[in-house]
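Those protein sequence lines, which keep their order, are chains A and B.
Final position of the first sequence in the working numbering is 525; the numbers increase by one with none missing.
Final position of the second sequence in the working numbering is 525; the numbers increase by one with none missing.
The set of hints was computed from the structure by calculation and includes no laboratory data.
One should not assume that every hint holds.
One copy or two, it doesn't matter: identical chains are merged, so the pair holds either way.
What the hints assert, rightly or not - Distance condition first, Cα-Cα at most 27 Å in a straight line; then the derived DSS-like pairs of lysine-lysine:
1. 509 x 376
2. 158 x 495
3. 495 x 509
4. 14 x 376
5. 509 x 14
6. 14 x 158
7. 14 x 428
There are 2 protein chains.
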Amino acid sequence: MHPRRWGSTQRAAKLPPEALALVELAFGPADDVIGDPADTTINDNALSPSSLNDQALDGLRACLGVNHVLTDAQSRASHTRGKSTPDLLRARADDLVDAPDAIVRPASHDEVTAIIEWAGQHGVAIVPFGGGTCVTGGLVARREGHSAIVSLDLTRMKRLIEVDHESMTATLEPGLRGPEAEALLAEHGLTLGHFPQSFEYATIGGFAATRSSGQSSAGYGRFDAMVVGLRVATPIGELTLGSAPATAAGPDLRQVILGSEGAFGVITGVRLRVRRLPEELSYEGWSWPDFEGGAQAIRSLAQSGHLPTVIRLSDEAETAINLADPEGIGSDNLGGCLMIVGHEGTPQDVARSRAITTELLSGLGGSALGSTPGEKWSHGRFDAPYLRDSLLDVGIFVETLETATFWSNRQALYDAVTEALRLHLPEKHLVLCHISHVYETGCSLYFTVATKFSGDALTSWHVAKSAVNDAIASVGATITHHHAIGTDHKPWLAKEVGPVGQSILRAIKQELDPDGIMNPGVMIP
Amino acid sequence: MHPRRWGSTQRAAKLPPEALALVELAFGPADDVIGDPADTTINDNALSPSSLNDQALDGLRACLGVNHVLTDAQSRASHTRGKSTPDLLRARADDLVDAPDAIVRPASHDEVTAIIEWAGQHGVAIVPFGGGTCVTGGLVARREGHSAIVSLDLTRMKRLIEVDHESMTATLEPGLRGPEAEALLAEHGLTLGHFPQSFEYATIGGFAATRSSGQSSAGYGRFDAMVVGLRVATPIGELTLGSAPATAAGPDLRQVILGSEGAFGVITGVRLRVRRLPEELSYEGWSWPDFEGGAQAIRSLAQSGHLPTVIRLSDEAETAINLADPEGIGSDNLGGCLMIVGHEGTPQDVARSRAITTELLSGLGGSALGSTPGEKWSHGRFDAPYLRDSLLDVGIFVETLETATFWSNRQALYDAVTEALRLHLPEKHLVLCHISHVYETGCSLYFTVATKFSGDALTSWHVAKSAVNDAIASVGATITHHHAIGTDHKPWLAKEVGPVGQSILRAIKQELDPDGIMNPGVMIP
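Same shape as in the complex, but just chain A:
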């Protein structure tokens, strides 16, 4: 992806005039154009020269072939950092100091192993790179102590290795992007059902390494719940896990690799539980008088064992201004809180699920809005990052953050986060929230923030985000439900797992990566 924008540059667009008018109403006159959707140049001067000389690179070229060791400006720029708003702002300011010195593109587990060996010999740090969609600084390795940094781009590893129809599992290579994986599985009538907002670009390996969670997690589960087997190339050798769906053979080491963010090794294969492609998809809207009522209804569905495939609930502010849908901005305000309910499966299963949820939600005070809001949500579900770019283009700062907690702590968490934002953002700001992932015992809260900073947005946001993180920690919630740790969340991971938990993580790191070459500085407190 382009370092300054999300996704396809062809889809970059200016903010529609009616949306711009509303934005000016909310935040004051728009700035002169800060970003231009049509500008896709890379400023070569923003890149320091690669610190890897030809002699060093020849070792890599011998492993991978000359075509798969890249040092050109375009490649280095497009592998610089991830896609948090600060990442985009730095790129927009021509700050590419975190660019890797080279990009290597292995095609197999053995080539990954060869790269790791080479890096160990040369004191080079490795940053595993899939879709480059990380929003928590997970692609910014610590350079100190290393002669160079290479970005290990996995997107040539995109085979469907095996389909086991009887066990309903599929083994995939890590470089498959969401749509590529789904297309390969669809040929077999199968689906993962994993659709996070990053779906169009993020990869299988990245989903596993960061414990991704998709918008259909109520029905299909989190990504870590889909993983039944893993193959990992570590600096001390290969690790292959997954002898059964579940086991009592000691600690579950799959759960040590999931969430390890490249700090323990490179995931080179993932065996996943798959499902049959749904014959029918039915998304609908429900309206609730308030967030509390809708949240209690979701809790009731989860705890009675009747969750649909998709369920999400926007708070009053998010319902009023649906930033994910530029066309919708300024349309009639529904009032209350919008819930999206989706059912997928056989026609019988969809009918059964709809009947049960309709009965339960009606009984709990919800009002059915029919299929239009559901279809609109489904249509625009991957578009929000493009809108963010358009808003950044006119000087509006937009970012998201998320957390999760147990149901009894939901309101306290919501209050703590919104209060921290209120205290640390300019007076004119928007904070939108939705419940995005649901469990019997709790849920995640996903916040979207929009404001206009006067002065240094990066520093101002850093202060506000740190205050939010402190607030999350102060109520005992998790620092991240599905955005992972990266470098941004490390101090709060340390609090969350405590000194003994930190010791466990560091001990595993030291054992698997004694030279500290795997994504140094990321995740491990």
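Got chain A; can you put chain B on it based on the hints?
Chain B only, in chain A's frame:
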């Protein structure tokens, strides 16, 4: 429990005459009585003197009070080993060499911490002890390198610490036995729904430390899936985990503690997802022409998302001779394979679940047998270990073993295990099997073996069990689905996780327990 028998000595019984007649038909004339149900003596001479002198014990007494540091023969004998058949045979042969030197009974996390500190200072090994129901040698710590072994009996820690009705979680102390935990939760209208065969004696801490799985796991999930939070006393300090139902904050360290079998520390609190007590319980029997047909039907239920609360399927041999039910031995042979299907919940949910499974199972070739087989199963579900004692009393060796794999590997696993047993057991033997736990991607296989060894049963069984373990490993299945590793399965855990997996386990062990005092020799390869 008595070292020679399972459970309550009041429930120890001789084999009924009609069962004895059948056993003699199968295995030849019964031996003279080897064990007597009425004999509950402990042979003091079987115990070596405690290697802990009064001076050393005074330190413990200062922590816990004099009443909770025990060295009497009865206490030491009853904390010797677990309840595998080899454990019972050794005790029956007056072999109590693995008896701990003392039993300590803490009442709180802080007292556990004090014991661990004392043990570290004195070079004493600690064996955490809950129900004492382990069947894989997990209560037999390695004595070498330690001045003594203390059994850390957790059964005074039996409080229900907190009920969170909104989040549907309960925080329990580790020493609560299954029925005690259920009774406390029932006062709040709640249940764990965790009913392994060891239910009547095993404890919450043990369930967590060994990744137990109950007979209602299809509906309530494995124990590790119920755990949302953990408190652990380790030699390097306290570890508290569980900030949300699910998180992307690095590796899931809860899954490092679950299955750790006391080797990393002592679990002193467990926060668990709970469910409402079911208003209705309905268990029924289904008959299948063969094991394959029944297995495919279970797979179909699991993969269509319509698992009932309980599902298990006996193979032809287990269906013909239900060893779990002495009264049933010799009754009419149903033929084919018996499946138990149980539904629990509200009347509406039970009706809905029954309707769906009835439609699916009928369509797949099953024949409904009504509620009698289901009720009979439910009635006798915790009795098998008593029958084992009665059979051991007349010289019949009975033991169980279990494993799990993916569906496509089920038949190969079944064949490998039964063939290994056929080759290594005396000609006259029974091997019974059932599918006991079910997932979308696979299932567990639970085997019961009965035979009559001429000569040294311990050695003969060790040879046969090792061959079975090799067979399980050779087809890539897990060495244990819910019996854990203990000391018995260690060589096969090493194969299952490979050299890198072993390194991870040893690194965590070294970090958390640098002096190696926590259940030394158990689990870690």
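query: Under a CA distance limit of 27 Å, which applies to residue 509 and residue 376: within one copy, between copies, both, or neither?
result: neither (45 Å within a copy, 52 Å between copies)
query = From the Cα coordinates, with 27 Å as the cut-off, is the pair residue 14 and residue 376 best called within, between, both, or neither?
reply = Within one copy only: 21 Å inside a chain, 71 Å across chains, cut-off 27 Å.
### Query
Within a copy, between copies, both or neither: where do residue 509 and residue 14 come within 27 Å Cα-Cα?
neither (45 Å within a copy, 56 Å between copies)
**Request:** First find the shortest C-alpha distance between residue 14 and residue 428 inside one copy, then the shortest across copies, and answer within, between, both or neither for a cut-off of 27 Å.
**Result:** For residue 14 and residue 428, the Cα distance is within 27 Å only inside one copy (22 Å; across copies 82 Å).
Between copies, within a copy, both or neither: which fits residue 14 and residue 158 at Cα up to 27 Å? neither (34 Å within a copy, 63 Å between copies)
Q: If the cutoff is 27 Å on CA atoms, where do residue 158 and residue 495 land: within, between, both or neither? Let me know, please.
A: Classified as neither: same-chain Cα gap 37 Å, cross-chain 29 Å, threshold 27 Å.
Review point. Is it within, between, both or neither when you check residue 495 against residue 509 at 27 Å Cα-Cα?
Key: Close inside one copy (18 Å) and across copies (22 Å); limit 27 Å.
In summary, the numbered hints that this structure violates are 1, 2, 5, 6.
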